[in-house]
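Peer 1: Working from the sequences, and respecting the hints, build out all of it.
Here is how the chains run, residue by residue.
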Amino acid sequence: MLYRENGQFKTTYAADSQILPIRQDRIAMMLLLIAAFVVIPAVSSEYLLRAVLIPFLILSLAALGLNVLVGYCGQISLGSGAFMAVGAYVAYNCQARFEGMPLVVSLLAGGLGATVLGVAFGIPSLRIKGLYLAVATLAAQFFVDWACLRLKWVTNDSTSGSVSVAHLDLFGLPVESPQARYLLCLAIVVLFALITKNIVRGHIGRSWMAMRDMDVAAAVIGIRPVQAKLSAFAVSSFIIGVAGALWGFVHLGSWEPAAFGINRSFDLLFMVIIGGLGSISGAFFGAAFIVVLPLLLDKLPYWTGLPMDTATASHLALMIFGALIVFFLIKEPHGLARLWATAKEKLRLWPFPH
Amino acid sequence: MKTFIACAALAALQLFAAPAAVAQAKEQFFPLLVYRTGPYSPNGTPWANGKQDYIKLINARDGGVNGVKLTFEECETGYATDKGVECYERLKGKGASVFDPQATGITFALTDKVPGDKIPLITLGYGLSASADGGVFAWNFPLMGSYWTAADVLIQHLGKKEGGLDKLKGKKIALVYHDSPFGKEPIPLLDERSKMHGFELVKIPVTAPGVEQKSAWLQVRQARPDYVLLWGWGVMNSTALKEAQATGYPREKMYGVWWSGAEPDVKDVGEGAKGYNALNLNTSGQSPKVIQDILKFVHDKGQGTGPKDEVGSVLYTRGLVIQALAVEAVRRAQERFGKGKVMTGEQVRWGLENLALDDKKLAALGLTGVIRPISTSCFDHQGSTSVRVHTWDGKQWAFSSDWYQADEALLKPMVKAAADRYASEKKLTRRTSAECQS
Amino acid sequence: MGPFIETLIGGLMAGMLYSLIALGFVLIFKASGVFNFAQGAMVLFAALAMARLAEWLPRFTGLDGKLLVNVIAFAGALAVMVVVAWLVERLALSRLVNQEGITLLMATLGIAYLLEGAGQMLFGNDIYKIDIGLPKDPMFLFEKTFEGGILVSKEDLYAALIAAALVASLSLFFQKTATGRALRAVADDHQAAQSIGIPLSRIWVIVWSVAGFVALVAGMIWGSKLGVQFSLSLVALKALPVVILGGLTSVPGAIVGGLLIGVGEKLSEAYLGPALGGGIEYWFGYVLVLGVLLVRPQGLFGEKIIDRV
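Residue numbers (the numbering used here), protein chains in the order written: chain A, 1 to 354; chain B, 1001 to 1438; chain C, 2001 to 2309.
Since the hints were made in silico from the structure, they are not lab data. Possibly wrong hints are sitting among the right ones.
[As the list claims (entries may be wrong)] Listed below are the simulated DSBU-like cross-link pairs for lysine-lysine, each with C-alpha atoms no more than 35 Å apart in a straight line:
1. LYS1274/B <-> LYS1161/B
2. LYS2030/C <-> LYS331/A
3. LYS1360/B <-> LYS1083/B
4. LYS129/A <-> LYS2154/C
5. LYS1118/B <-> LYS1427/B
6. LYS1267/B <-> LYS2129/C
7. LYS1069/B <-> LYS1361/B
8. LYS1171/B <-> LYS152/A
9. LYS1308/B <-> LYS1360/B
10. LYS2304/C <-> LYS129/A
11. LYS1171/B <-> LYS2030/C
12. LYS1308/B <-> LYS1267/B
13. LYS1171/B <-> LYS1360/B
14. LYS1083/B <-> LYS331/A
15. LYS1056/B <-> LYS1416/B
16. LYS1172/B <-> LYS1253/B
17. LYS152/A <-> LYS1426/B
18. LYS1267/B <-> LYS2154/C
19. LYS1094/B <-> LYS1426/B
20. LYS1253/B <-> LYS2144/C
21. LYS1167/B <-> LYS152/A
22. LYS2304/C <-> LYS1203/B
23. LYS1296/B <-> LYS1167/B
24. LYS299/A <-> LYS1113/B
25. LYS1274/B <-> LYS1308/B
26. LYS1395/B <-> LYS152/A
27. LYS2129/C <-> LYS1056/B
28. LYS1301/B <-> LYS1289/B
29. LYS1083/B <-> LYS299/A
30. LYS1169/B <-> LYS1427/B
31. LYS2304/C <-> LYS1253/B
32. LYS1253/B <-> LYS1427/B
33. LYS152/A <-> LYS344/A
[Claimed, not checked] Where chain B lies over chain C, by a calculated footprint (3+ residues, C-beta under 8 Å):
34. 2129-2142
35. 2224-2234
36. 2267-2278
[Unchecked claim] A few chain C positions that, by computed beta-carbon distances, are all more than 10 Å from chain A:
37. LEU2057
38. PRO2058
39. GLN2120
40. PHE2146
Ideal Cβ placement from N, Cα and C applies to all residues, glycine included.
Peer 2: Have a look at this one:
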């Protein structure tokens, strides 16, 4: 009854091809943005901002990048932790070696560094497919893990191998308080989500989806596999690299290579699959699931009132996490984004059944 | 499906609720970051049990610190930096006044956050070696030793074995280390010593978590070093000893850091680890008075955290010592800021900088023989570098050396240089004596 | 020359141990097309079950005699793995039929977390001992020809022999028995196999049970070498390149791949490692596999991937 497009006529091509054609969607998005930019920083506690929302935003950015590669282009990659690591370390080197380097430039440089690595490790995808490619990308993961520990110039000759960033500031304004950090991450995430949405709606995105569905047929009709696959790797690793730089700079502040290990790669892949392959909102749903769920599960055993030591609670949390993943994959293999889309479809008819 | 979503939404709302109210008046809250799961849990669990049991002892035997009861909450980090940061953020709002991260990686991440939150970090025997310099690292306390003091003492001991540090010339010493900041920390000091005395240092990294070490030990066999220094943690230690046995490297020539010389590392290997030596910052065994008190007041009343036969083991005692020093810092802070009051992080920091535990005070705590006297100051956050070597005889550990002290003449300039470098990177200024009095 | 031969032999034996784990992957992929990321967790779960049963049996039943206790513990752990296989098939796999490869992959990762959590909760997360009487000390061959002799680890030698025996018996099982033929039929074409009356769900339970058995043997040997603790599941990450190198569908491929990766890793660590600072073993195997895949995208012995438009 409320969610219908009756009476909304488009009179220009631009209006017809906008991202949110239904007016109710536009209003909802506006409200969401206002809530995110204005309401949340004002009412949230420091714990919520620092430990829940900032990791959620940064990981949803990384999941967005991975979704481009896995969801839109169909190339399974298990090396996303490595791209985050490269982004973080390149950004760190920019910040540490050049006095007075602006934060934004360092972050973008991190992204570019990850792009170079991404394209290099994307070249095998021209020949290797499917699960074989997944394991081949693990080579990137372990190689970068080793390089960050062994190559001294990566950590700017730090004796311990751990690096940390000093005070962050954005064009002179300090980015120290949780609210400032949250807003920085939110701005970057919104910007990248918008850009990515437009890329996937354009001809590049369509070439990716063609490669995903049937790459031989796509090549037959004139889509160049090299361009499509490498551009997917490039865009994906750029986004993941920026996310990695944010993770190191804004969330951790000081990190060692183990922070970007294989568990991070698996987490990102989970986010993409559970959130929904091939959808921008899916990255956010997946990130929310993976970031918030463990925090709830850690507390869950204590709500039952039974005395429990932390080890048992952690094991229970791990078991429930695994079970929920399997449950979700059984119930809705296309992810939370599909659930959401189905809900919206039902809303269009509400209150009528069909 | 709908009920599931409703439940999930209700659960999520819990997160939005503000964190639990600050600790009630008259209760000193201790956050306990622990890892009881993952590849490092065999060593992390006794450490965590020692900390908890000591808090229970102080409450049961003494009624708290000058009437202020101690409370605690454990948070599982699994040795992962981001979980450690999350635990820190969650627990700091509950009135936390001191943290023991139990992991070098988490220490690095928290070192950046604690100056803003004004909560001290106790990193007894681990963390950044440079943080002994309290002028730069105002909130870090590597009490009783760091990796540089450990490496220094090991070289002193090897020199003593050879009949003099000059006899080390031409010898080969291999360092089998955990490939992480924790394992790489001693390398600068070992390089310095190798230049001074003319021995060759062979560095053999073991990829974390150190489950498969065959190549590392084949390399050791081919290099044929005179001594092997083991710098591992968790499962890496027992695997290293098993591989040493499988490649026939004499265990008597192996020397581990104080994190590589505890029961979980050698129990499994048993006779195969006979002769293995390691540093130990504290005693082990059930004879010290504080251990007896814990058995009496905590375990006999059924309040023990872990199994009874774990009480008094090396890492259990070390956790106990860490908690004891934290409680003593609170007591010292109360002497200045108000007996019977709850202490804040800043006040506990003052307490940590003014620890003066002599033999008499140690005896009162029941710690005679467990550790040596320790006294800290504003600029010296280490307090003591006394450590001994103990050896595994197949069934238990026994001390096999006298007390050593780290060579201050060598270490002080290195620590200062590293601290200065950190200060210039982070744009900090050194503290002055005036600032120490707060 | 001596060190080279030593490293070579060490590599060959390490490779056999990797292929023990790789076999589990290959078996499940061959029969059901699922890449079982939970294999590492299964190795851990099986090893934990056996280690703890071997510890509890003497305590609660007073049984003595190492051989008897170990055999009963082995049988008990095997029963546990069969139950796990049945549960996995019933609750997860049967509901995920016909899903894409990546969905199944993620489901097995979820099962891996479930098994790791359950194993540690039921059996504990300390380091436990499996003592099947394998000798721990090394033997030195040819001490006259080479200085110091060639080091051969007796434990690894026994392990390699057990692995070879396992592979031989599995090959016999697949070739000669009716169930083995049914498994091969299912691996070839699910629908055709169903149409001639082969019960698909029962075959999958059998496959996962056999994979569980392989995981138990692997867990027993690795556990005897390293001690049974959570980090045992991470050894599976070292076996992944073996699976890919040999080809996902080939049992002899798993052996050949294992030997190649084992030798490659150890030789690279010994001769290339010092130049690069050491610790390269972990990624060298993967890079080696990457190189081979560029030439043969389906691995050495895998089935050629045919894309139909």
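Peer 1: Run the structure past the numbered hints and jot down the numbers of the failing ones, going up.
Peer 2: Failing hints, ascending: 3, 4, 11, 13, 15, 22, 23, 26, 30, 31, 32, 33, 39.
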